[in-house]
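Undergrad: Residue numbers (the working numbering), protein chains in the order written: chain C, 869 to 984; chain G, 276 to 390.
Because the hints were derived from the structure by calculation, they are not lab data. Among these hints, one or two may not hold up.
Straight line, CA to CA, 27 Å or less: simulated DSSO-like cross-link-like pairs of lysine-lysine [to be verified]: (1) C:K937 to G:K316; (2) C:K939 to C:K929; (3) G:K326 to C:K979; (4) C:K937 to C:K979; (5) C:K979 to C:K939; (6) G:K316 to C:K971; (7) G:K353 to G:K290; (8) C:K929 to G:K329; (9) C:K979 to G:K319; (10) C:K971 to G:K353; (11) C:K917 to G:K353; (12) G:K319 to C:K917; (13) G:K319 to G:K329; (14) C:K939 to G:K290; (15) C:K937 to C:K917; (16) G:K353 to C:K939; (17) C:K939 to C:K926; (18) C:K929 to G:K353; (19) G:K290 to G:K316; (20) C:K939 to C:K971; (21) G:K319 to C:K926; (22) G:K290 to C:K929; (23) C:K971 to C:K917; (24) G:K326 to G:K290; (25) G:K319 to C:K937.
Which stretches of chain C does chain G cover? Using the computed rule of at least three CB atoms under 8 Å from a CB of chain G, they are [unchecked claim]: (26) 888 to 899; (27) 908 to 916.
Taking beta-carbon pairs under 10 Å as the criterion, some of the chain G residues facing chain C (in silico) [as the list claims (entries may be wrong)]: (28) Q281; (29) F282; (30) G291; (31) V294; (32) Y310; (33) G315; (34) K326; (35) G334; (36) N337; (37) F340; (38) Y349; (39) S370; (40) L375.
Ideal placement from N, C-alpha and C gives every residue a C-beta, glycine not left out.
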Amino acid sequence: AQSVSQHNHHVILSEAASLELGCNYSYGGTVNLFWYVQYPGQHLQLLLKYFSGDPLVKGIKGFEAEFIKSKFSFNLRKPSVQWSDTAEYFCAVNAGRSGGYQKVTFGTGTKLQVIP
Amino acid sequence: EAGVTQFPSHSVIEKGQTVTLRCDPISGHDNLYWYRRVMGKEIKFLLHFVKESKQDESGMPNNRFLAERTGGTYSTLKVQPAELEDSGVYFCASSRGQGLNSPLHFGNGTRLTVT
Numbered sequence: 869a870q871s872v873s874q875h876n877h878h879v880i881l882s883e884a885a886s887l888e889l890g891c892n893y894s895y896g897g898t899v900n901l902f903w904y905v906q907y908p909g910q911h912l913q914l915l916l917k918y919f920s921g922d923p924l925v926k927g928i929k930g931f932e933a934e935f936i937k938s939k940f941s942f943n944l945r946k947p948s949v950q951w952s953d954t955a956e957y958f959c960a961v962n963a964g965r966s967g968g969y970q971k972v973t974f975g976t977g978t979k980l981q982v983i984p
Numbered sequence: 276e277a278g279v280t281q282f283p284s285h286s287v288i289e290k291g292q293t294v295t296l297r298c299d300p301i302s303g304h305d306n307l308y309w310y311r312r313v314m315g316k317e318i319k320f321l322l323h324f325v326k327e328s329k330q331d332e333s334g335m336p337n338n339r340f341l342a343e344r345t346g347g348t349y350s351t352l353k354v355q356p357a358e359l360e361d362s363g364v365y366f367c368a369s370s371r372g373q374g375l376n377s378p379l380h381f382g383n384g385t386r387l388t389v390t
C-alpha cells in the first residue's frame with residue numbers, strides 16, 4: 869500500500885521568504901505525484917503534478933516541485949512566498965500504471981501561514 | 276463552467292442520528308468521487324462512481340455509509356447511524372474521464388460534526 873509523509877504540519881514564514889515543504893512517499897513502482905492546495909474557504913486545487921519526464925515540474929503561482937526517485941521525495945518549493953500563499957498544502961501519490969488522478973493517497977497536509 | 280457543489284457546508288448532528296450529504300458534480304462529468312478527512316489526518320478515498328455505477332467502494336469505512344448516484348447526476352452519501360468518529364470533512368470530486376488528461380475538480384467539502 870502507498871503512504872505519504874508530510875513532515876511539516878504547520879509552517880510560518882514572512883513574506884519574501886523561501887519555501888520548501890517536504891513530501892516523502894512509500895511505493896516501489898512507478899508513481900504519479902501531485903501537490904494540491906486549499907486556500908481558506910475554497911476547494912482543493914491542483915498546484916502541480918508529475919507523471920513522467922523532467923523531474924522538475926513547474927506549477928501555478930510560481931510553485932515547483934522536484935521528484936527525486938532515489939529519495940522517494942517530491943518536495944514543493946517557492947523562492948519567495950506571498951501573503952496570498954497562506955493555505956493548506958497536500959502531497960498525494962498514486963500508482964503510475966493504475967490511473968491518472970484517481971484514488972490518490974494524500975498526506976496529512978501542511979498549513980502554511982505567511983506573515984505580511 | 277460551474278464547479279462541484281456540496282451541500283450542506285456544515286452539519287452538526289448527535290450520535291445515532293442520520294445525515295445525508297449531497298454532491299453535484301460538474302455537468303458532463305461521468306466520474307464522481309467521495310473522500311473524507313478526519314481531523315488532522317490525511318484525506319482518504321471513499322468511493323468512485325462512473326455514471327450511476329459504483330466502480331470502486333473499497334474506501335467505505337463500514338455499512339453505516341451508503342452512497343448513491345441515481346441517474347448518474349448528483350450523488351448522496353448517507354451516514355446512518357452516525358458515530359463520533361464519523362466527524363470530519365467530506366469532499367466530493369468529479370472528472371470527465373479517468374486518464375491523465377482528466378484532472379479532479381473538488382467541491383468545498385461538507386464539515387460534519389457528530390456530538
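Undergrad: Hints first: check each against the structure and report whether it holds.
TA: These are the hints, each one checked on the structure:
Proposed proximity of K937 of chain C and K316 of chain G is supported: the alpha carbons are some 25 Å apart, at most 27 Å. Restraint check for K939 of chain C and K929 of chain C: the C-alpha separation of about 26 Å stays at or below 27 Å, so the hint holds. Annotation: proposed proximity of K326 of chain G to K979 of chain C is violated, straight-line Cα distance about 35 Å (limit 27 Å). Distance hint between K937 of chain C and K979 of chain C is fulfilled; the C-alpha atoms sit about 25 Å from each other, no more than 27 Å.
With a CA separation close to 23 Å, the supplied pair K979 of chain C and K939 of chain C stays within the 27 Å bound. For the proposed pair K316 of chain G and K971 of chain C, the alpha carbon gap of about 17 Å is at most 27 Å, so the pair holds. As the CA atoms of K353 of chain G and K290 of chain G are separated by approximately 14 Å, the hinted pair is consistent with the 27 Å bound. Between the alpha carbons of K929 of chain C and K329 of chain G the distance comes to roughly 36 Å, so the proposed pair goes past 27 Å and is violated.
With a C-alpha separation of about 18 Å, the suggested pair K979 of chain C and K319 of chain G falls inside the 27 Å cut-off, and the hint holds. Using a Cα cut-off of 27 Å, the hinted pair K971 of chain C and K353 of chain G holds, with the two alpha carbons roughly 21 Å apart. At roughly 32 Å between alpha-carbon atoms, K917 of chain C and K353 of chain G are farther apart than 27 Å, so this suggested pair is violated. Our distance criterion of 27 Å between C-alpha atoms is met by K319 of chain G and K917 of chain C, whose separation comes to about 19 Å.
The hinted pair formed by K319 of chain G and K329 of chain G meets the criterion: a straight-line CA distance of about 17 Å does not exceed 27 Å. Restraint check for K939 of chain C and K290 of chain G: the C-alpha separation of about 44 Å exceeds 27 Å, so the hint is violated. Simply put, K937 of chain C and K917 of chain C have alpha-carbon atoms about 15 Å apart, close enough for the 27 Å limit, and the pair holds. Under the criterion of a C-alpha separation no larger than 27 Å, the hint pairing K353 of chain G with K939 of chain C is inconsistent with the structure, at around 41 Å.
Taken as a hint, the K939 of chain C and K926 of chain C pair is honoured in the structure, with Cα atoms around 20 Å apart against an allowance of 27 Å. Proximity of K929 of chain C to K353 of chain G is assessed by CA-CA distance (about 37 Å); at most 27 Å being required, the pair is judged violated. About 21 Å separates the Cα atoms of K290 of chain G and K316 of chain G, which keeps this hinted pair within 27 Å; it holds. Using a Cα cut-off of 27 Å, the hinted pair K939 of chain C and K971 of chain C holds, with the two alpha carbons roughly 23 Å apart.
Restraint check: the Cα-Cα separation between K319 of chain G and K926 of chain C comes to about 26 Å, which is no more than 27 Å; the hinted pair holds. Restraint check for K290 of chain G and K929 of chain C: not satisfied, since their Cα atoms lie roughly 43 Å apart, outside the 27 Å limit. Proximity of K971 of chain C to K917 of chain C is assessed by CA-CA distance (about 15 Å); at most 27 Å being required, the pair is judged to hold. With a C-alpha separation of about 32 Å, the suggested pair K326 of chain G and K290 of chain G falls outside the 27 Å cut-off, and the hint is violated.
Between K319 of chain G and K937 of chain C the CA atoms are separated by roughly 24 Å; this keeps the pair inside 27 Å, and the hint holds. Interface restraint, the region 888 to 899 of chain C with chain G: violated (0 residues with C-beta to C-beta distance below 8 Å; minimum three). For the region 908 to 916 of chain C, the assignment as covered by chain G holds, since 6 residues bring a beta-carbon within under 8 Å of that chain's beta-carbons and 3 suffice. At its closest, the beta carbon of Q281 of chain G sits 9 Å from a beta carbon of chain C; the interface hint therefore holds under the 10 Å criterion.
Below 10 Å, beta-carbon pairs count as interface contacts, and F282 of chain G has none with chain C, the closest being about 14 Å; its hint is therefore violated. A distance limit of 10 Å between C-beta atoms decides the matter here; for G291 of chain G the minimum to chain C is near 29 Å, and the interface restraint is violated. The beta carbon of V294 of chain G is not positioned within 10 Å of any beta carbon in chain C (closest approach about 21 Å), and the interface hint is therefore violated. Nearest Cβ of chain C to the Cβ of Y310 of chain G: about 8 Å, under the 10 Å cut. The hint holds.
Hint status for G315 of chain G relative to chain C: holds, with the closest Cβ pair at about 7 Å, below 10 Å. The beta carbon of K326 of chain G comes no nearer than 15 Å to any beta carbon in chain C, farther than 10 Å, and the hint placing it at the interface is violated. For G334 of chain G, the interface hint holds, since its Cβ comes within 10 Å of a Cβ in chain C; the closest pair sits about 8 Å apart. Hint on N337 of chain G is violated. Least Cβ distance to chain C is approximately 19 Å, over the 10 Å limit.
Interface hint at F340 of chain G: violated, since its Cβ lies 17 Å from the closest Cβ of chain C, which is beyond the 10 Å cut-off. This hint is violated: Y349 of chain G has a C-beta 17 Å from the nearest C-beta of chain C, more than the 10 Å allowed. Checking S370 of chain G against chain C by beta carbon gives a least distance of about 7 Å; that is within 10 Å, so the hint holds. Among the interface hints, the one on L375 of chain G holds; its C-beta lies about 4 Å from the nearest C-beta in chain C, closer than the 10 Å criterion.
Of the numbered hints given earlier, the model fails hints 3, 8, 11, 14, 16, 18, 22, 24, 26, 29, 30, 31, 34, 36, 37 and 38; all others are met.
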